[in-house]
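Q: If you want the building blocks of each chain, they are given just below.
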Amino acid sequence: MKHPSAKATLLGAAALALAACASTPPQGGTSAAGTEGGAYTWWDPYPQHDSSSAWAKRVGACGQEAGVTIERTAYDTTALTNQALLAGQEGNAPDVILLDNPAVSTLADAGMLTAMADFGLEVNRFDKNLVAAGELDGNTYGIPIGANTLALYYNKKILDDAGVDPATIKDWASLDAALKKVKAAGKKPITFAAIGTEEGSFQFLPWFWGAGAQLTQLDSPQAVEALQLWSSWLKDGLAPNSVISNSQNTTWEEFLTGEFAFAENGTWQINSAAEADFPTGIVQIPGKDGGTAPTPTGGEFITVPVQKDTQRYAVTKKILECMTTPEGLVETGTTFAYYIPSTADGQQAILAKEPSLKPWVTAVQSAKGRTSDNLGTDYPKISEALWTGVQKALSGAASPADALKDAQAQVEQATGD
Amino acid sequence: MGATRTAGVLSPPAHRAARRPLRWTTPAFLAPLIVYLLLFYAYPLYRNIELSLHDYTPRAFIQGNPEFTGLESYAKILSDDAFLRALGNTALFTLGSIAVQYALGLALAVFFHRSFRLSAVLRAMFLVPWLLPLIVSASTWSWMLNSENGIVNAALQAFGIGQINWLTSPDTSLLAVTIANIWLGIPFNLVILYAGLQNIPAPLYEAAGLDGATAWQQFWRITFPLLRPVSAITLLLGLIYTLKVVDIIWIMTRGGPADASTTLAIWSYREAFGTGQPDFSPAAAVGNLLILIAFAAGLVHVRLQRGEERS
Numbered sequence: 188m189k190h191p192s193a194k195a196t197l198l199g200a201a202a203l204a205l206a207a208c209a210s211t212p213p214q215g216g217t218s219a220a221g222t223e224g225g226a227y228t229w230w231d232p233y234p235q236h237d238s239s240s241a242w243a244k245r246v247g248a249c250g251q252e253a254g255v256t257i258e259r260t261a262y263d264t265t266a267l268t269n270q271a272l273l274a275g276q277e278g279n280a281p282d283v284i285l286l287d288n289p290a291v292s293t294l295a296d297a298g299m300l301t302a303m304a305d306f307g308l309e310v311n312r313f314d315k316n317l318v319a320a321g322e323l324d325g326n327t328y329g330i331p332i333g334a335n336t337l338a339l340y341y342n343k344k345i346l347d348d349a350g351v352d353p354a355t356i357k358d359w360a361s362l363d364a365a366l367k368k369v370k371a372a373g374k375k376p377i378t379f380a381a382i383g384t385e386e387g388s389f390q391f392l393p394w395f396w397g398a399g400a401q402l403t404q405l406d407s408p409q410a411v412e413a414l415q416l417w418s419s420w421l422k423d424g425l426a427p428n429s430v431i432s433n434s435q436n437t438t439w440e441e442f443l444t445g446e447f448a449f450a451e452n453g454t455w456q457i458n459s460a461a462e463a464d465f466p467t468g469i470v471q472i473p474g475k476d477g478g479t480a481p482t483p484t485g486g487e488f489i490t491v492p493v494q495k496d497t498q499r500y501a502v503t504k505k506i507l508e509c510m511t512t513p514e515g516l517v518e519t520g521t522t523f524a525y526y527i528p529s530t531a532d533g534q535q536a537i538l539a540k541e542p543s544l545k546p547w548v549t550a551v552q553s554a555k556g557r558t559s560d561n562l563g564t565d566y567p568k569i570s571e572a573l574w575t576g577v578q579k580a581l582s583g584a585a586s587p588a589d590a591l592k593d594a595q596a597q598v599e600q601a602t603g604d
Numbered sequence: 149m150g151a152t153r154t155a156g157v158l159s160p161p162a163h164r165a166a167r168r169p170l171r172w173t174t175p176a177f178l179a180p181l182i183v184y185l186l187l188f189y190a191y192p193l194y195r196n197i198e199l200s201l202h203d204y205t206p207r208a209f210i211q212g213n214p215e216f217t218g219l220e221s222y223a224k225i226l227s228d229d230a231f232l233r234a235l236g237n238t239a240l241f242t243l244g245s246i247a248v249q250y251a252l253g254l255a256l257a258v259f260f261h262r263s264f265r266l267s268a269v270l271r272a273m274f275l276v277p278w279l280l281p282l283i284v285s286a287s288t289w290s291w292m293l294n295s296e297n298g299i300v301n302a303a304l305q306a307f308g309i310g311q312i313n314w315l316t317s318p319d320t321s322l323l324a325v326t327i328a329n330i331w332l333g334i335p336f337n338l339v340i341l342y343a344g345l346q347n348i349p350a351p352l353y354e355a356a357g358l359d360g361a362t363a364w365q366q367f368w369r370i371t372f373p374l375l376r377p378v379s380a381i382t383l384l385l386g387l388i389y390t391l392k393v394v395d396i397i398w399i400m401t402r403g404g405p406a407d408a409s410t411t412l413a414i415w416s417y418r419e420a421f422g423t424g425q426p427d428f429s430p431a432a433a434v435g436n437l438l439i440l441i442a443f444a445a446g447l448v449h450v451r452l453q454r455g456e457e458r459s
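First to last, the sequence lines map onto chains A and B. In this text, residue positions in the first sequence follow this note's numbering: the first is 188, and each later residue adds one. In this text, residue positions in the second sequence follow this note's numbering: the first is 149, and each later residue adds one.
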């Protein structure tokens, strides 16, 4: 504990140079993952769930089942990746890390993660489109403990008042028509998050993919169409200008005020939507010419960092199995309000319990991993260029076509070497 | 002369006896400081330079086998389109901030120097920006400057001024974060300049008053010249503090939209921690450039100070 944290602080300070912003002081750290006492270390990105939470108990129970105690430490998502890198460098990585899925290929490429096959863990039963985010060069480096994705939440009261039937929203044209009707009725049509972070790319991807664009070519005509759609919403006053700096949480807060007809948001708001002061519902994000647009998968992967002491893997495997049985997945799903299980069995089981989740299960089944298509470690660079392009176009700094041309050039420069 | 020599001849044996224990106590007292300096200043600096001279991909970072690339990271950064823009933004942000902070801080310090009833209370209230956690003040500023729902736009609308997209327009986002940073920096300037004012002897003002100097003349002929050393150090510290500002900009705009408010410090932070994939080498290179800029400013300060002492 003493040694690594001191060094971690130093490294943080070094990389930050003069920057005053406190990076991420290693709050919890772990007591060295020694073999004594049968303690296994576990990191996850859920600091909102403290040690008395249902989640912590669930993690603890899986440890008990495997005959060990689990020492859990929670960091927030970006801090977790940085902490994992530092721990990897120090050679004292925890036994299990729950990683946000785009980070899996980065850490796997760094040689920090154990492939599931080396470990003897079967990955075939998990949905292909979900596991894809954990694949790199033919190996699978983690398993999704559940998945979430995006859809359009609507405020039923506003739609009724404006005379919009959500069932008619089948493609971009009908969505546009619905938004204009809402505006004519004097309400705010739609809000989303176009912030200059991963969240901005995450929210833009359904429209990007829904137009038929590919992440390998950011300036394709289809991509330009998708960005034109968003820009036109801002220009026509269908979406507020503040979306440029809105995170998904802020967007949701706006929706909860009851002023907005639609909000693009994720599975994780199901409970909050049910508790809103107005009736809500969801529609799938439409593709440009109809059908459901592929939405990006969100959610964490269980990964197993490489350990010097390979004896530890046997117990780790038991813990992983406990977390990913169909019942286990359902339990994780309901603990997390909501996480859609990542296997067909799990999905059946959660639907039996909560039939109202049906549209979300469908959405997850048609969702697509951001690092899929073997983009792997190039994805973070592509994503950065994409959200910058989106911001340029929405803020009026460049036309959608020019903004995406710059973005593609940025990607080629960043991934060229 | 003779007396000193005698003393010089006589004293050595006595001195040597007294000094012997000192030879060990001196380094012993110095050791903690030296260890501290090495551990917390020299090592991070060394590490930062080392990071910038190698190609630290996440893989290299973990496996500890980065490729030595010499000055390639620097060349890449200097030739990047973003560099000139970030440098320009840094200059505008830093110089704009410290100029206005200093002017307002000085005006307030002079105002409070003539103590009046409640002046202590008021002065304390001006320190609030300093006491608030940055996350609180930065979030509050970004709410106030929100395009649709912000109080600033609501107030402007009352005067018939249309919606200004403070944080979401490339034309105003740098201005918006600069305004917030000025507000944050005023207390620092106020406190130091106020302390400087206390050191100006009151009789000077009395004499000037007898000679019929107006308040304006007193300020420009007494206060301002006598405050020069304090002003210089205030401006230097302000410059160094402002160069490295990350948090307030990051919270308010993330350097956006489209890099419009990206300073060198934000750029460095984003390369290292702002995306899904840490790029430590270019981040460290930008950080080192910032250190150089701050160092150059320090040298200028020392130079000016020496000039002043000589004259």
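These are computed hints drawn from the structure, not numbers from a lab. Remember, it's a predicted structure, so these values are computed and weren't measured experimentally. There could be a bad hint or two in this list.
Unchecked claim - Which residues of chain A face chain B? A few of them, derived with a C-beta cut under 8 Å, are:
#, residue
1, Arg-245
2, Gly-298
3, Thr-301
4, Leu-323
5, Asn-326
6, Thr-384
7, Pro-567
8, Glu-571
Claimed, not checked - Here are the in silico distance ranges between beta carbons for each label pair:
#, chain 1, residue 1, chain 2, residue 2, range
9, A, Gln-401, B, Ala-380, 49 to 59 Å
10, B, Ala-302, A, Ser-459, 36 to 46 Å
11, A, Glu-446, B, Ser-287, 14 to 24 Å
12, B, Ala-302, A, Glu-440, 11 to 21 Å
13, A, Thr-256, B, Gly-446, 33 to 43 Å
14, B, Phe-443, A, Asp-496, 41 to 51 Å
15, A, Gln-401, B, Glu-215, 54 to 64 Å
Even glycine gets a Cβ: it sits at the ideal position worked out from N, Cα and C.
Q: Now look at each hint and say whether the structure bears it out.
A: Here is what the structure says about each hint:
1. Arg-245: 27 Å, violated
2. Gly-298: 6 Å, holds
3. Thr-301: 14 Å, violated
4. Leu-323: Since the shortest Cβ distance to chain B is 12 Å, the answer is violated.
5. Asn-326: 15 Å, violated
6. Thr-384: 6 Å, holds
7. Pro-567: Holds, about 3 Å.
8. Glu-571: 5 Å, holds
9. A:Gln-401 to B:Ala-380: 49 to 59 Å: Because 57 Å falls inside the window, the suggested range holds.
10. B:Ala-302 to A:Ser-459: 36 to 46 Å: Because 27 Å falls outside the window, the suggested range is violated.
11. A:Glu-446 to B:Ser-287: 14 to 24 Å: 21 Å, holds
12. B:Ala-302 to A:Glu-440: 11 to 21 Å: Since B:Ala-302 and A:Glu-440 have Cβ atoms about 18 Å apart, the given range 11 to 21 Å holds.
13. A:Thr-256 to B:Gly-446: 33 to 43 Å: Given a distance of about 53 Å, which is not inside 33 to 43 Å, the answer is violated.
14. B:Phe-443 to A:Asp-496: 41 to 51 Å: The hint (41 to 51 Å, Cβ to Cβ) holds, given that B:Phe-443 and A:Asp-496 are roughly 46 Å apart.
15. A:Gln-401 to B:Glu-215: 54 to 64 Å: 31 Å, violated
Hints 1, 3, 4, 5, 10, 13 and 15, counting from the list given before, are not met by this structure.
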